[in-house]
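Under the working numbering, think of the first position of the sequence shown as 756, with each following residue one higher.
Among these hints, one or two may not hold up.
[Stated by the list, open to error] Computed cross-link-like contacts, EDC-like style, restricted to lysine to aspartate or glutamate with a CA-CA straight-line distance of at most 16 angstroms:
1) K852 / E809
2) K855 / E807
3) K856 / E868
4) K856 / E779
5) K805 / E850
6) K905 / D865
7) K800 / D829
8) K856 / E807
9) K855 / E787
10) K800 / E874
Note that these hints are calculated values from the structure, not bench results.
Predicted model only: the values in this text are computed from it and were never measured.
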Amino acid sequence: MATKAANNTNETPMSSGSTHILTEEELLKMPESEYMNAAQLAFFKERLRKLEAEILSNAGETTEHLRETQFVPDPADRATIEEEHALELRTRDRERKLLKKVQQSITRIDSGEYGWCEETGEPIGLPRLLARPTATLSLEAQERREMRQKMFGD
756 MATKAANNTN ETPMSSGSTH ILTEEELLKM PESEYMNAAQ LAFFKERLRK
806 LEAEILSNAG ETTEHLRETQ FVPDPADRAT IEEEHALELR TRDRERKLLK
856 KVQQSITRID SGEYGWCEET GEPIGLPRLL ARPTATLSLE AQERREMRQK
906 MFGD
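With these hints in hand, go ahead and build the complete structure from the sequences.
See below:
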């Protein structure tokens, strides 16, 4: 299985001595030989950390919102509020599952496994990771898995 590049810094140095996280454009312009180098890993780690913070913030807002609920005497209004709460809780449940994937992706960055397909060991690819930073399978491996699930109901 392939491993991360040997470059161990997490950002690319700038002339002022500060660090610089790549932009999407800079990331995509890098040659294939630079795949999952330290600068790219830093880019995705930063993106995943922001997503993690956003999910955690949303969870806190939901908790506050549910605590603020007041008794509503009208049954129709009460039903509407209960339906809104159910929808909000389903959304938070999806975000809870996403949070777990985000945290696993950060762990994969730290272990040097991020960006490499779990099934084949091949690169997942920058465009796929930009679209879905928690991806653990290459597009081809994901398509094969979905095909097997359709055929065998796994």
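Status of the hints after comparison with the structure:
For a cut-off of 16 angstroms, the pair hint linking K852 to E809 stands: about 14 angstroms separates their Cα positions. At most 16 angstroms may separate the alpha-carbon atoms for a hinted pair to count; K855 and E807 meet this at roughly 9 angstroms. For the given pair, K856 sits about 14 angstroms from E868 by alpha-carbon distance, which is consistent with the 16 angstroms threshold. A distance of roughly 21 angstroms separates the Cα atoms of K856 and E779; the hinted pair therefore is violated under the 16 angstroms criterion.
Distance check on the hinted pair: K805 and E850 sit about 14 angstroms apart at the alpha-carbon level, within 16 angstroms; holds. Straight-line distance between C-alpha atoms of K905 and D865 comes to about 34 angstroms, which puts the hinted pair past the 16 angstroms bound. Using a Cα cut-off of 16 angstroms, the hinted pair K800 and D829 is violated, with the two alpha carbons roughly 48 angstroms apart. Between K856 and E807 the CA atoms are separated by roughly 10 angstroms; this keeps the pair inside 16 angstroms, and the hint holds.
A threshold of 16 angstroms between alpha carbons decides the hint, and for K855 with E787 the separation of about 29 angstroms lies outside it, so the pair is violated. Using a Cα cut-off of 16 angstroms, the hinted pair K800 and E874 is violated, with the two alpha carbons roughly 22 angstroms apart.
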